[in-house]
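> Below are the chains, spelled out letter by letter.
Protein chains: 2
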Amino acid sequence: MIDVDILDRNIARMAAATQARGLRLRPHAKTHKVLEIAERQLAAGAVGLTVATIGEAEVFAKAGVRDIFIAYPLWVTAPQAARLRALAEANSITVGVDSAESASFMGRNLGAGAGRIAVLVELDSGHHRSGVRPEDAAAVARAAADAGLDVAGVFTFPGHSYAPGMPMAAVRQEDEALRRGADELAAAGFTVRTISGGSTPTASLDPTDSLDPAYSRDRATAGTELRPGVYVFGDAQQFELGRCEPADIALTVASTVVSHHRTAAGEPGRFIIDAGSKVLGSDRPAWASGYGRLLDHPDARITALSEHHATVEWPQGLALPDRGELLRVVPNHVCLTMNLVDEVSLVREGALAGRWAVAARGRNS
Amino acid sequence: MIDVDILDRNIARMAAATQARGLRLRPHAKTHKVLEIAERQLAAGAVGLTVATIGEAEVFAKAGVRDIFIAYPLWVTAPQAARLRALAEANSITVGVDSAESASFMGRNLGAGAGRIAVLVELDSGHHRSGVRPEDAAAVARAAADAGLDVAGVFTFPGHSYAPGMPMAAVRQEDEALRRGADELAAAGFTVRTISGGSTPTASLDPTDSLDPAYSRDRATAGTELRPGVYVFGDAQQFELGRCEPADIALTVASTVVSHHRTAAGEPGRFIIDAGSKVLGSDRPAWASGYGRLLDHPDARITALSEHHATVEWPQGLALPDRGELLRVVPNHVCLTMNLVDEVSLVREGALAGRWAVAARGRNS
Numbered sequence: 024m025i026d027v028d029i030l031d032r033n034i035a036r037m038a039a040a041t042q043a044r045g046l047r048l049r050p051h052a053k054t055h056k057v058l059e060i061a062e063r064q065l066a067a068g069a070v071g072l073t074v075a076t077i078g079e080a081e082v083f084a085k086a087g088v089r090d091i092f093i094a095y096p097l098w099v100t101a102p103q104a105a106r107l108r109a110l111a112e113a114n115s116i117t118v119g120v121d122s123a124e125s126a127s128f129m130g131r132n133l134g135a136g137a138g139r140i141a142v143l144v145e146l147d148s149g150h151h152r153s154g155v156r157p158e159d160a161a162a163v164a165r166a167a168a169d170a171g172l173d174v175a176g177v178f179t180f181p182g183h184s185y186a187p188g189m190p191m192a193a194v195r196q197e198d199e200a201l202r203r204g205a206d207e208l209a210a211a212g213f214t215v216r217t218i219s220g221g222s223t224p225t226a227s228l229d230p231t232d233s234l235d236p237a238y239s240r241d242r243a244t245a246g247t248e249l250r251p252g253v254y255v256f257g258d259a260q261q262f263e264l265g266r267c268e269p270a271d272i273a274l275t276v277a278s279t280v281v282s283h284h285r286t287a288a289g290e291p292g293r294f295i296i297d298a299g300s301k302v303l304g305s306d307r308p309a310w311a312s313g314y315g316r317l318l319d320h321p322d323a324r325i326t327a328l329s330e331h332h333a334t335v336e337w338p339q340g341l342a343l344p345d346r347g348e349l350l351r352v353v354p355n356h357v358c359l360t361m362n363l364v365d366e367v368s369l370v371r372e373g374a375l376a377g378r379w380a381v382a383a384r385g386r387n388s
Numbered sequence: 024m025i026d027v028d029i030l031d032r033n034i035a036r037m038a039a040a041t042q043a044r045g046l047r048l049r050p051h052a053k054t055h056k057v058l059e060i061a062e063r064q065l066a067a068g069a070v071g072l073t074v075a076t077i078g079e080a081e082v083f084a085k086a087g088v089r090d091i092f093i094a095y096p097l098w099v100t101a102p103q104a105a106r107l108r109a110l111a112e113a114n115s116i117t118v119g120v121d122s123a124e125s126a127s128f129m130g131r132n133l134g135a136g137a138g139r140i141a142v143l144v145e146l147d148s149g150h151h152r153s154g155v156r157p158e159d160a161a162a163v164a165r166a167a168a169d170a171g172l173d174v175a176g177v178f179t180f181p182g183h184s185y186a187p188g189m190p191m192a193a194v195r196q197e198d199e200a201l202r203r204g205a206d207e208l209a210a211a212g213f214t215v216r217t218i219s220g221g222s223t224p225t226a227s228l229d230p231t232d233s234l235d236p237a238y239s240r241d242r243a244t245a246g247t248e249l250r251p252g253v254y255v256f257g258d259a260q261q262f263e264l265g266r267c268e269p270a271d272i273a274l275t276v277a278s279t280v281v282s283h284h285r286t287a288a289g290e291p292g293r294f295i296i297d298a299g300s301k302v303l304g305s306d307r308p309a310w311a312s313g314y315g316r317l318l319d320h321p322d323a324r325i326t327a328l329s330e331h332h333a334t335v336e337w338p339q340g341l342a343l344p345d346r347g348e349l350l351r352v353v354p355n356h357v358c359l360t361m362n363l364v365d366e367v368s369l370v371r372e373g374a375l376a377g378r379w380a381v382a383a384r385g386r387n388s
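For the protein sequence lines, the chains are X and L, in the order given.
If you read the first sequence in our numbering, its first letter stands for residue 24, the second for the next number, and so on.
If you read the second sequence in our numbering, its first letter stands for residue 24, the second for the next number, and so on.
Isolated chain X, as found in the complex (with noise of 0.2 Å):
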């Protein structure tokens, strides 16, 4: 269920936020997957989407979305070099890349369509999962541009700012990655056009906001776009990181309880609902509280999570709820429970509202 009220806030909470900072927002489409959601957030003001694969690339291209990077390190083998091309025709498509080689390979495979794909650099400032240090850089730029693609820029995804206390830290070790990157790409004489980060934990930080005397300095942000995904809806990750709060959460998932379990002595305990790893996912980073939170209950725990059963513990001495009584629970990562889902219910209100399509579920390739 999407609270449609919430979700235009935050969309436009966080066009106006990245607007007053002078940077382009280019959302992350793979948390939601979903054309109407993208439509709001280009008419809030978005530059065009980010993407994680050259799937999701075609079905967001195919809806009218002109403007499309897909953030990831490719492997473009030849067919996917004919998609490319093909969705290049009549798009601006920018791609990520990490390696001399992937970059190479990518060029030899798109032929004399290169020149239409434009590339950012991959960067690690810190998450270290894809992406090479700053000072590699302009050797893959170059790579690129020996093979006849675009070089646009570089970008980065702060992924180290998901857990407690991280987030500060985080957007200034980006923020330092990707001043150090553009530079590298520009004194090897590279125009510099696009600088893109941001993760939803760090998109409302500014790197220059600091308290930290070694870090300050009379300077803008280094990026020159943002590309937040999870901010439209929230989840359980969030909260808990305290990156947003319960009134800005919009997504949820309307379960059943369908079970008491008794302890060993007799008494009733714990309860089980109807939602399991099939619909909320299973990411549980180890600082989490459990497997999602409900929404209404902020004192519950779901300690245990299985297809379609979670274990929720209750706050001792209060009744548990009976057996139907429906519950709102919010997952650890909403981005999983969008790609579990065909379709989403929306709610004005309190009241069905209608129905979207995940018109992008399962495109992983």
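There may be inaccurate statements among the hints.
Residues on chain X that point at chain L, a partial pick, calculated with CB under 8 Å [stated by the list, open to error]:
id, residue
1, Trp-98
2, Cys-358
3, Leu-359
Output of the computed footprint for chain L on chain X, the stretches with three or more beta carbons under 8 Å from beta carbons of chain L [claimed, not checked]:
id, stretch
4, 123 to 135
5, 271 to 283
6, 303 to 310
7, 326 to 336
DEER-style ranges, computed between Cβ atoms [said to hold, decoys possible]:
id, chain 1, residue 1, chain 2, residue 2, range
8, L, Asp-28, X, Glu-158, 27 to 37 Å
9, L, Ala-374, X, Gln-42, 49 to 59 Å
10, X, Ala-113, L, Glu-112, 49 to 59 Å
It should be emphasised that the hints constitute simulated quantities derived from the structure, not laboratory data.
Keep in mind the model is a prediction, meaning the values are calculated, not measured.
The beta carbon of each residue, even a glycine, is placed where N, CA and C say it ideally should be.
Using the hints, position chain L against chain X.
Coordinates of chain L only, in the frame set by chain X:
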């Protein structure tokens, strides 16, 4: 990718093993959700299917499966009662029940159709999820009978078998619970037709094969049928629990090396493949070695997972696989992978041999 020869061997082996023990086999179809696999299971002698939801039952019934057990303590509202009645018109439908309240509610909503729905009372055999203690089974059965439902017996899921060293202990607790629950129903005057247990870790274990003199006794297994699911494919959990060999694993996720990650010292250390939680699922029990395994590289470990990236730690001193190399990933929990994809590729002797639709994907309710 599903290796059809391995799939067929797994199906035949479980069919033979249950037949040799005089047990009926009712495979859990939530694992695969594929009509063609259900057909193969039934052709090999399965008496019917187990499913988790009414939606899954509808998909398989429409395809001609006539005997279906929804092994879940459903809270049957009026719309769900209408769906169950429709299913029961031409099929044998059995539903789980674990409280007098849910039995009464289901019976009331089914109305005159209640007598066509068989119920099995769910027992908690040590997993402590849903299910009642065996000594409480007769009270639930009486409520079901009072509500007009056809009480057929008892069932349990020994989910606590999913931990190293636990399968044999779990299968004995399962057997004890089933025996005691069935005895309670018989003592209360019910004719117990079905005593249903099983999980893939326990299905190949006979609780009477015991080295424990306190357990061994001169009798057969209590159960009459088994409901394993994962055995058709195998997965990394089953392998790490010692319940299957690599040669038994029928399903893998084709993935591509997309990025090499350098250590702080600039040395190649790990690499990134393009299979993430959106195809592998993110189940990761504490005892697992990681987020799945590489079928052809037993010493590699998948140490981190995000939506479209898995981080692979490679044995020290070995050269990393090249970018672009294809690797076969074994998911930790194959039921989640099948629920993430709309179709699967079939492989025979290494060559592509067709595709199957995942017909019941996403049928969560």
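> Take the hints in turn and mark each one as holding or not.
Hint check:
1. The closest approach between the C-beta of Trp-98 of chain X and any C-beta of chain L is roughly 5 Å, which is under the 8 Å cut-off, so the hint is satisfied.
2. The closest approach between the C-beta of Cys-358 of chain X and any C-beta of chain L is roughly 6 Å, which is under the 8 Å cut-off, so the hint is satisfied.
3. Because the beta carbon of Leu-359 of chain X sits about 6 Å from the nearest beta carbon in chain L, less than 8 Å, this interface hint is met.
4. Using a Cβ-Cβ cut-off of 8 Å, 3 residues of the stretch 123 to 135 of chain X lie near chain L, which meets the minimum of three, so the contact claim holds.
5. For the stretch 271 to 283 of chain X, the stated coverage by chain L holds: 5 residues have a C-beta nearer than 8 Å to a C-beta of that chain, and at least 3 were required.
6. For the stretch 303 to 310 of chain X, the stated coverage by chain L is satisfied: 4 residues place a CB nearer than 8 Å to a CB of that chain, which reaches the threshold of 3.
7. Here the stretch 326 to 336 of chain X counts 6 residues with a CB under 8 Å from a CB of chain L, which clears the bar of 3, and the coverage holds.
8. Evaluation of the 27 to 37 Å hint for Asp-28 of chain L and Glu-158 of chain X yields a failure: the beta carbon distance comes to about 50 Å.
9. Between Ala-374 of chain L and Gln-42 of chain X, the C-beta spacing of about 54 Å keeps the proposed range 49 to 59 Å intact.
10. At roughly 51 Å, the beta carbons of Ala-113 of chain X and Glu-112 of chain L sit within the given window of 49 to 59 Å.
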